Every structure is written in structure tokens, then in C-alpha cells.
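Asker: Can you build the whole structure from these sequences, using the hints too?
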Amino acid sequence: MPLARELVAFLTNLQESKQHHDHRLYSQKLTEEGRRLESVIRNALADGNHDKIARIVHQLCHDYAYAVHQPHARNGGLIGLAAAAIALGAEVARYLKEIVPPVLACFSDQDARVRYYACESMYNIAKVAKGEILLYFNDVFDALCKLAADTELSVKNGAELLDRLVKDIVSESAATYASILSPEAAISGSEPNSPARSVENSTAFSLPRFIPLLQERIHVLNPFTRTFLVSWITLLDSIPDLELVAYLPSFLGGLLKFLSDANQDVHTTTKVALDRFLTEIKKIALVKKGLAESRKSREDKDRKTSGSTDPVAVGSPQSDQVENGEAEDGPEETATQQGPQTPQNGQAGSPTADGDSTYTGSHDNEKDADGSEDEWIPGQDVQIDYQRILEILVTFLAESSEEEVQMTALKWIETFLDICPEDILLFTPRLLAQLLPALSHDTDHVKQAANRVNQALMAYIMSLPEDAAKPSANAEQAQIATQVPSIQQPGPGSTPTLPTIRSLAQSNGESRRDSAPMVKPLRKPTSPEPNEPLSRMAQVQTPEPPSSEQPEPESKAHTDLDYEAAVNALTLQFLHEHEATRVAALAWLIMLHRKSPRKILAIQDATFPALLKTLSDPAEAVVTRDLLLLSQISRSSDDGYFTSFMVNLLKLFTTDRRLLESRGNLIIRQLCLSLSPEKIYRTMADCLERDSDDDLEFASIMVQNLNNNLITAPELQDLRKRLRNLDSRDGQTFFTVLFKAWCVNAVATFSLCLLAQAYEQAYNLLQIFAELEMTVNMLIQIDKLVQLLESPVFTYLRMQLLEPERFPHLYKCLYGLLMLLPQSSAFAALKNRLNSVSAIGYLHIAPRNAPATPSSVSTFERQNRLRSKEGAGEASIKWTELLDKFRNTQERVRRSLQRQLTGQHDGLDDRSTTPEQQKKLAVPFSGADRGGAGVGGRPGSAQSLGRPSPQPLVVGGHAKGKSSLGRLGGVAGGFGARKGGKK
Numbered sequence: 001m002p003l004a005r006e007l008v009a010f011l012t013n014l015q016e017s018k019q020h021h022d023h024r025l026y027s028q029k030l031t032e033e034g035r036r037l038e039s040v041i042r043n044a045l046a047d048g049n050h051d052k053i054a055r056i057v058h059q060l061c062h063d064y065a066y067a068v069h070q071p072h073a074r075n076g077g078l079i080g081l082a083a084a085a086i087a088l089g090a091e092v093a094r095y096l097k098e099i100v101p102p103v104l105a106c107f108s109d110q111d112a113r114v115r116y117y118a119c120e121s122m123y124n125i126a127k128v129a130k131g132e133i134l135l136y137f138n139d140v141f142d143a144l145c146k147l148a149a150d151t152e153l154s155v156k157n158g159a160e161l162l163d164r165l166v167k168d169i170v171s172e173s174a175a176t177y178a179s180i181l182s183p184e185a186a187i188s189g190s191e192p193n194s195p196a197r198s199v200e201n202s203t204a205f206s207l208p209r210f211i212p213l214l215q216e217r218i219h220v221l222n223p224f225t226r227t228f229l230v231s232w233i234t235l236l237d238s239i240p241d242l243e244l245v246a247y248l249p250s251f252l253g254g255l256l257k258f259l260s261d262a263n264q265d266v267h268t269t270t271k272v273a274l275d276r277f278l279t280e281i282k283k284i285a286l287v288k289k290g291l292a293e294s295r296k297s298r299e300d301k302d303r304k305t306s307g308s309t310d311p312v313a314v315g316s317p318q319s320d321q322v323e324n325g326e327a328e329d330g331p332e333e334t335a336t337q338q339g340p341q342t343p344q345n346g347q348a349g350s351p352t353a354d355g356d357s358t359y360t361g362s363h364d365n366e367k368d369a370d371g372s373e374d375e376w377i378p379g380q381d382v383q384i385d386y387q388r389i390l391e392i393l394v395t396f397l398a399e400s401s402e403e404e405v406q407m408t409a410l411k412w413i414e415t416f417l418d419i420c421p422e423d424i425l426l427f428t429p430r431l432l433a434q435l436l437p438a439l440s441h442d443t444d445h446v447k448q449a450a451n452r453v454n455q456a457l458m459a460y461i462m463s464l465p466e467d468a469a470k471p472s473a474n475a476e477q478a479q480i481a482t483q484v485p486s487i488q489q490p491g492p493g494s495t496p497t498l499p500t501i502r503s504l505a506q507s508n509g510e511s512r513r514d515s516a517p518m519v520k521p522l523r524k525p526t527s528p529e530p531n532e533p534l535s536r537m538a539q540v541q542t543p544e545p546p547s548s549e550q551p552e553p554e555s556k557a558h559t560d561l562d563y564e565a566a567v568n569a570l571t572l573q574f575l576h577e578h579e580a581t582r583v584a585a586l587a588w589l590i591m592l593h594r595k596s597p598r599k600i601l602a603i604q605d606a607t608f609p610a611l612l613k614t615l616s617d618p619a620e621a622v623v624t625r626d627l628l629l630l631s632q633i634s635r636s637s638d639d640g641y642f643t644s645f646m647v648n649l650l651k652l653f654t655t656d657r658r659l660l661e662s663r664g665n666l667i668i669r670q671l672c673l674s675l676s677p678e679k680i681y682r683t684m685a686d687c688l689e690r691d692s693d694d695d696l697e698f699a700s701i702m703v704q705n706l707n708n709n710l711i712t713a714p715e716l717q718d719l720r721k722r723l724r725n726l727d728s729r730d731g732q733t734f735f736t737v738l739f740k741a742w743c744v745n746a747v748a749t750f751s752l753c754l755l756a757q758a759y760e761q762a763y764n765l766l767q768i769f770a771e772l773e774m775t776v777n778m779l780i781q782i783d784k785l786v787q788l789l790e791s792p793v794f795t796y797l798r799m800q801l802l803e804p805e806r807f808p809h810l811y812k813c814l815y816g817l818l819m820l821l822p823q824s825s826a827f828a829a830l831k832n833r834l835n836s837v838s839a840i841g842y843l844h845i846a847p848r849n850a851p852a853t854p855s856s857v858s859t860f861e862r863q864n865r866l867r868s869k870e871g872a873g874e875a876s877i878k879w880t881e882l883l884d885k886f887r888n889t890q891e892r893v894r895r896s897l898q899r900q901l902t903g904q905h906d907g908l909d910d911r912s913t914t915p916e917q918q919k920k921l922a923v924p925f926s927g928a929d930r931g932g933a934g935v936g937g938r939p940g941s942a943q944s945l946g947r948p949s950p951q952p953l954v955v956g957g958h959a960k961g962k963s964s965l966g967r968l969g970g971v972a973g974g975f976g977a978r979k980g981g982k983k
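Following full-length UniProt numbering, the numbering of the sequence shown begins with 1 at its first residue and continues without gaps.
I should point out that these hints are in silico values taken from the structure, not numbers from a laboratory.
All of these numbers come straight from a predicted model, not from anything done at the bench.
Note that CB positions come from ideal geometry on N, CA and C, so glycine has one too.
Be aware that a few hints might be false.
27 Å max Cα-Cα, derived DSS-like pairs, lysine-lysine [as the list claims (entries may be wrong)]:
| no. | residue 1 | residue 2 |
| --- | --- | --- |
| 1 | Lys288 | Lys301 |
| 2 | Lys721 | Lys599 |
| 3 | Lys146 | Lys97 |
| 4 | Lys411 | Lys288 |
| 5 | Lys447 | Lys282 |
| 6 | Lys304 | Lys257 |
| 7 | Lys283 | Lys127 |
| 8 | Lys283 | Lys296 |
| 9 | Lys296 | Lys411 |
| 10 | Lys721 | Lys812 |
| 11 | Lys679 | Lys595 |
| 12 | Lys271 | Lys288 |
| 13 | Lys411 | Lys271 |
| 14 | Lys156 | Lys167 |
| 15 | Lys130 | Lys271 |
| 16 | Lys304 | Lys282 |
| 17 | Lys283 | Lys271 |
| 18 | Lys289 | Lys304 |
| 19 | Lys613 | Lys721 |
| 20 | Lys679 | Lys721 |
| 21 | Lys288 | Lys257 |
| 22 | Lys289 | Lys257 |
| 23 | Lys257 | Lys156 |
| 24 | Lys411 | Lys679 |
| 25 | Lys127 | Lys146 |
| 26 | Lys721 | Lys885 |
| 27 | Lys878 | Lys679 |
| 28 | Lys301 | Lys289 |
| 29 | Lys296 | Lys282 |
| 30 | Lys271 | Lys282 |
| 31 | Lys127 | Lys156 |
| 32 | Lys146 | Lys156 |
| 33 | Lys167 | Lys257 |
| 34 | Lys156 | Lys97 |
| 35 | Lys97 | Lys127 |
| 36 | Lys52 | Lys167 |
So the derived label-pair ranges between C-beta atoms look like this [what the hints assert, rightly or not]:
| no. | residue 1 | residue 2 | range |
| --- | --- | --- | --- |
| 37 | His578 | Thr176 | 33 to 43 Å |
| 38 | Val68 | Gly48 | 30 to 40 Å |
| 39 | Pro249 | Ile180 | 29 to 39 Å |
| 40 | Ser260 | Arg298 | 41 to 51 Å |
Answerer: Next comes the structure, spelled out in C-alpha cells:
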């Protein structure tokens, strides 16, 4: 073609002018030659000479536009192709297949001017082609995406102009424009019997074809390219008929990454786009909810008006489709009544119409349904994949540390809890693993957002239906009760067989990883604790035979929550460094156990060691909720679980003495608030009595803590009142159990007798005290007891001092304490108290009993005999046996102390000790020495108090605590000096 050759020759001649920087002349000549080419093509088009036009276009593309190493030739080719497109006008559509590819190839040229002319050429082509350019939208979009990050300013400006033009074309024609070139080519890939696909593919712009390209480009890092992508996403979402929100999971992850971009423009535009999508999802959900409610109300109205004579006519299309396989013979029978034309129409119609036309009463309903469905509402047909979106949100919440990303994810999840809470159940375990740490976030707005999501999720799970099959639970409980008779509630006079601390220590070591071995086979059934309140609740809930069949579909509909995975995720949060997260994890476990105790108990074996270990948490709020959960589980479990809990708790105290010192009282009081205090004390007393030989020191400390709480804790007020009255058989049994366990601690046993008003037994204990070695720790405990005697708990005891004829041994007990104490502040306080009633005591006590020795039949024993006659004698307290138990236990304490002293001296052995050394180590403990123990030779004298070696090894309590015996050495030194001066 001569004209094209002249144009190229002219471009070659203009090289010299370009080198002299005369760009204006260069551009002017290109424009003039382009106009000449445009006129030639117009004339050929007017003559209908399409062959000439095709040859011109082919030569411009292949000889010039594709000339890779000749930038001037490519520029000329680009200008020529733009001129040809302008000249062709509406006829350009048939030549776009030849024109567009070489222009797109020039977008990636190394020469910036070639890229600029490519933008200019494509701008002119798109301006003429309009909707037809949408057939090449993916290629144009890909080229613009690359040019958005171009380093040349002129190229970037040209790309922006082209981008604006393509956006205008897409906004106007993307949803409706169909190519006029060859519609059958667009439909060739579809099946012949798929009209929906034909309509979708007939449009020039196809969103399903564009989404893979967007998925590929959404992961770019350049801020200009990201801004370009967000602008296009916003534009496509603004076109109502495209419904880009349905493809949101394909590029949501990339948008969330854009939020962490350092460029403020990228951050702002992305946030606006995400808020727009979220608002659109809310509107779509609201529309669908309204349509569902209206459809349901319409069906209810039709069901009421139809009556019971024609039940088939009120069936919805969904029910007809479901029952189509079961009622194939029904339409044929009705068709014979209506005539031969009805089945023919039904066969010729669509498959969904099969059967509907055969029903006589369905025409009016169809008209109503058609009238309501004709009112199309934007968004009613949009299908949003909530689960894929939630998968992306939970993943970014776990992997991203950006505050804006976490805020956006939490905001979306909170919205989805209102729209589709049932879909969130699948992600609840993973969500909890990320949501609870966010409660302790450093930023307040993230913390508040996490708190809102946490509360909403917890409220939704609480609103789910209760677990069904309650009668079966009772049947399982009865079956377990018959299979394992050893777990039944023991009688008042018997003690159940309990697992010992020593057996647990041998089987589990010191790691505290497992619960009691006997509890594992008993964890599967859920049997309530055999207490009266729980048994009443069970009696109220169990008689529900109709509800056992109905809730089955509901339970199946809500089985998406994986309780085991949720509990495991919550248990891992016990190791979190922040208190708020640990508290929230325990609150979730408490809620889940209240919601479905059967499911939680089934997996409690793995959680129980973690709950025990959490008792050592430094935060008091964590320990309180942990105890509440353990108590809650114990109430809903059998006696074996409760016993295992108590045994493991004592084992934990054995291995962690710091926990016993710092949180022992708190743990005991909180358990007494949630569980039966008497049951706790009975079980612990049995365990301590059985395992006291293993560690007498721990048993003494634990008894001291239990005794202090028994005296002072407000939660145990009812238990103290019960101990004061030993008339009942249960009270006597309870006192006996406590006394046997309390024997490892002499002062605690004495205070228990004072609390139970067994004053004669307390006085007998004091006589045994005289034979014991009065160590510093024992004196400190006596000092604290004297202070407690002045507290409101022992008001009744102080009032009983006014009746010495009824309580003669009370005076002896208090004076015995006074004799044991050195002259300290506690000595002075007790002395002042006794002096205030000393005259009454002298008046009544002195003339009563002439012999000084205790009578063989005391007043208390006579009262007890009367009680034994009334209560069938076998339940009476055997005081003498209890005294022997106390004496033997204290002998074991003495021997244990002696073994510890012997082990401290490497060269000291039992065989090598001299009789004098053995005499110093031995403590006379026989009953024959009771009366011969003088004041000067008694081990509790001032000489024995001055020895420092036994003090750290004393079994009987803490060495800490404020008391009036802080300077006991000085007091003991002055005690002997003042003793001779007083009578």
C-alpha cells in the first residue's frame, strides 16, 4: 500500500527533527498523516470496498504495529489503526479482532512514547467501538492494571484517560450490551438446553470471566495498582444488575490486605469499598428475610382458608418437589377427571409444572404467588456464600496483627451474627481461639469490638434449643447406678471407699495431668448429684414424654457446634498472659456446661487437669470462675467425680504448698458457696485420715486451714450451727469424721470440741496436751485460738461462762489454756475474761464435786447415754475411742518429728545414740505419766521452748502470721523468773 509506505518514510525522515527535540512538529506531522489515512478509509468504506480496508488494517498491524525494534514504525502503526477505527465508525466492530491485539501488544513496549501512543490509539478505538470493546475487557483491564504503576508520567496520564473512558462504557453497557457481531459465537460454549447460560454469555461483558483475572491481580503490592483495583471494584459493585457482591469471597482476602497498606489513599478507598459491601449484604439479607416472612404468612393464610377437605391444594411448590417421587400416581388419577388435555399440557410444559396443573384448587394460589413474585426487589436473587466469607474473616483475624484488619473482621463477624448466626457455628472453635485474645488487645476499640462479638456469640449459643432425650439420661443414670454400686451415697454411719492421694501420686506422678483413675469410666453418663435440691429438679424435668420425640429435628439442626473443639480451644486460653482472656475462657466453659452438660462431661477427662492447674493462677477472678466451673461440673456429675475432685485438689495442695498458703482459704470458701459444705468437709476429712501417714506435716497444715475456715468463714455458718448440736445422728457422725481427721493437729482438735460444745472432751484433750512437747507453732495456734474466742463466733461460749453449773468443764478448758500460754497479750486477754466471771465460778464449782479427779461417769456422758437410748445406741459418740485415736495420732506425729530430726544429723544413728540422747529425743507419752508430769520437767517448759531445732519441723500449721508470741524467746525467759514470784 503506497500510503502506508509514505507514512513510514515520513516517520523515518522525522527522526532528525525528534533528535532536535522538536516534538511539536513530530506530533503535528503524525496527525496530518493520520488524517490522510482516515480519508482514504472513509472513501473505501463509502465505495463498499472492504477488501481494501482489510488490506490496510492488515498492513498497519503486521508491518508496523508489530515492528518490535522500530519504535517509529510502531507509533505510525498505532496512529494509523486509530485513524482507521475513527474512519470506520460503527463498522469498526468487524475489524476489532485485527485492530485491538497489536495495540494491546504495544502497552508493554520498552519505549515510553510507544506506550503513550498505544493509550491514545486505544482511547480512540474504544470511543468509536463503545460497547463492542467490552469483548476485550479483560485484555484492556490487564494492560491498564500494569500501566497504573508506570514510571513515566505521560504514560500514566494517558492510561488514566483511557481508564475513565472504559469505566464510562462499562457503567453504561456492561449489564445489558450484547455484541452485534456474532451472537452465536458468544453462545457456542453453552449447552443447547441451558437458557440461563445463553443469556449470561450473550452479553459482551462477562463478570464470571473477569473474576479470575481480578483474583490474580488482587495480590499486587504497588499502591497505585491497588488504588486502580479498588476503584474498579467499587465501580462494578455500583452497577445493580452485575451483583459483584456474589463474587465477594474471590477477592475479599486481597481487599483485607489492602487495609494494612502504608498509603493513606489505598487505606481510605479500601475501607469505603468494604463498608459498601457490608451495607449491601445487610440490605440483601433484609430483603430475603422480608420475602421469607411474607411467603410464610401467605402460606399460613392459604392453609387456613383452604380447609381440611383439599389438603393437596395448599401444598407449596417446594413440598410438591419433595413429594414428587412419592406421589407419582396421584396426578394421573386426577388427570383422568379433568380431561385428556391436562396431562398433555403437563408433559409439554417444564418439569416444574408437572403435577401443579393437575390440582383443581391450586390455580388461585398460583395467581397470588405470581402476583407477589412479579414485584421483583433488587437483591432477592443474589446468593452470598457466607461460609466462605467467614472462613476468610477468621483466617485474617488469626494471621493479621494490623488493628484495622482486626477491627474490620470483627465488624463483619458481628454483622453476620445478626444475618446468618447458624453459619458461624462451624467456625466457633477457631473464632474463639482468636476472639478471646482480642479481649486483651492493647487498643481500646479492638477490645470493645471483640467484647461485642463475644457477647453476641455467647447469647446466640445460649439461645439454641436444649439437648433432648432427658428420659434417656435418667435411664443411663439408673443403669450406671446398678453397674457401679460403690458410687452410691453412703449412709450416715458408713464411709465410702475413696481413692487415696498416695495411689494417685503413684499412678500419675507429680505432673497432675490426669484425674482420678476410677472416674474415667464414669464420666460418660450424666447423673445429677444425689442432693435434695438437684433431685427435686430432676423430678420436675423428667416427666416430659411428648418432648422426647419432637426436639430430635432441632437437635440435628444444631449439631454444627463442635463442643470438643470449642472446649479444647478454650482450654488453651488458660495459658494466655492476660487475665481478661483467661476469665473469658472460663466464662465460656461455664456457659457451655450449663447449656449442654452431657457433651461437656463427655470430654471432661482432658480438661480436668487443666482446670486443677488453673487454681494456681495469680488472678483471683480466674480462680473464682475456675472453682465455679469445677463446682458446676461436680453438681451435674456423680459422687465418683466429686470424690476425685476433692482427692486431686488435696494432691494439688500437697505438691504446691504456695498455693495452699496463698489461695487455700479462698478455694475452700468458694467451693463451700457452690457445693455442699458438709460434703466437702466429710470427703476431705476421710481423705486426710486415710493418707495422713504419708505426709503428716501437710495433713496438719490442711487441717489447720479447714478448721480456721470452719470457725471464721461466713459461708460455713450453718455448718457451725449444726456442729453445736450433737443430738442428731447425722451431727454425731459428722463430728466423729472431723475429729478423726483433726487428730493430726492438737489445737484444731481442741477448737473443734469447743465449737461442738464437747467441753469435757476438750478438757481431756488438754490433759493429753500436758504430755506433748509444746512447740512454738503449737503456742502460736493457741494464741490465735484465744483471739478467736473473743470474736463473735464464740459469743455463745462466753455467755455459757455465766452458767458454771451447766458447763463446769468449760472453766477447766479455759483455765487449762491459760496455764499452757506464756504471759503474753493473749494470756492477759484470757485472764481478764476469766477474772470477770471468776466469782461465779468459785461459787458453783468449789462445793459441787469433792474429788479432784474427773468422775468416771461425767455429766456429758450421762446426757449422751440418754441420747443413745433415744437414738438406738449404735450412733452415739464413743468418746474414749476418740481420745485413744488422738493419743495414737499424736504419737505418730512425735515419731515423724523424731525421724526428721534424726535425718538432719548425718552422723547420728539410732544404734549409735547414747541413752542420754535418746532420753532427750523421746517424749514420755504413756497414760501412767499423765499425773507425774511436773511443770519443770514438762517438754513445754521454758527449757524446751528455747531449743531452735524442732521449730521449723513442727507439724501443726504455718510459722507465719501475726500473734502475741512474736518474741517468744524473751517471754519464755521471763516466764520462769516471774513464776516463782506468783502463786
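Asker: Take the hints in turn and mark each one as holding or not.
Answerer: Here is what the structure says about each hint:
1. Lys288 / Lys301: 20 Å, holds
2. Lys721 / Lys599: 39 Å, violated
3. Lys146 / Lys97: 22 Å, holds
4. Lys411 / Lys288: 21 Å, holds
5. Lys447 / Lys282: Since the Cα atoms of Lys447 and Lys282 sit roughly 24 Å apart, the hinted pair holds (cutoff 27 Å).
6. Lys304 / Lys257: The hint is violated at about 54 Å.
7. Lys283 / Lys127: Distance ~36 Å between Lys283 and Lys127 Cα, so the pair is violated.
8. Lys283 / Lys296: Roughly 20 Å between the alpha carbons, so the hint for Lys283 and Lys296 holds.
9. Lys296 / Lys411: Violated - the C-alpha atoms of Lys411 and Lys296 are around 31 Å apart, more than 27 Å.
10. Lys721 / Lys812: 23 Å, holds
11. Lys679 / Lys595: With Cα atoms ~26 Å apart, Lys679 and Lys595 stay inside 27 Å; holds.
12. Lys271 / Lys288: Holds. Lys271 to Lys288 sits at ~26 Å (cutoff 27 Å).
13. Lys411 / Lys271: 12 Å, holds
14. Lys156 / Lys167: Holds - the C-alpha atoms of Lys167 and Lys156 are around 16 Å apart, at most 27 Å.
15. Lys130 / Lys271: Given pair Lys130, Lys271 is violated - Cα atoms ~32 Å apart, limit 27 Å.
16. Lys304 / Lys282: 33 Å, violated
17. Lys283 / Lys271: Between Lys283 and Lys271 the Cα gap is close to 19 Å, so the pair holds against 27 Å.
18. Lys289 / Lys304: 23 Å, holds
19. Lys613 / Lys721: 34 Å, violated
20. Lys679 / Lys721: Holds, because 16 Å separates the two Cα atoms, which is no more than 27 Å.
21. Lys288 / Lys257: 30 Å, violated
22. Lys289 / Lys257: Not satisfied, since the Cα-Cα distance of roughly 32 Å exceeds 27 Å.
23. Lys257 / Lys156: 25 Å, holds
24. Lys411 / Lys679: 48 Å, violated
25. Lys127 / Lys146: 21 Å, holds
26. Lys721 / Lys885: 25 Å, holds
27. Lys878 / Lys679: 22 Å, holds
28. Lys301 / Lys289: Holds. Lys301 to Lys289 sits at ~18 Å (cutoff 27 Å).
29. Lys296 / Lys282: Within the cut-off at roughly 21 Å; holds.
30. Lys271 / Lys282: Distance of about 17 Å is within 27 Å: holds.
31. Lys127 / Lys156: 19 Å, holds
32. Lys146 / Lys156: 10 Å, holds
33. Lys167 / Lys257: It holds: about 25 Å lies between the C-alpha atoms, which stays within 27 Å.
34. Lys156 / Lys97: With a Cα-Cα distance of about 26 Å, the restraint between Lys156 and Lys97 holds, given a limit of 27 Å.
35. Lys97 / Lys127: Holds, because 16 Å separates the two Cα atoms, which is no more than 27 Å.
36. Lys52 / Lys167: 34 Å, violated
37. His578 / Thr176: 33 to 43 Å: 56 Å, violated
38. Val68 / Gly48: 30 to 40 Å: With Cβ atoms ~35 Å apart, the hint holds.
39. Pro249 / Ile180: 29 to 39 Å: 35 Å, holds
40. Ser260 / Arg298: 41 to 51 Å: At 48 Å between Cβs, range holds.
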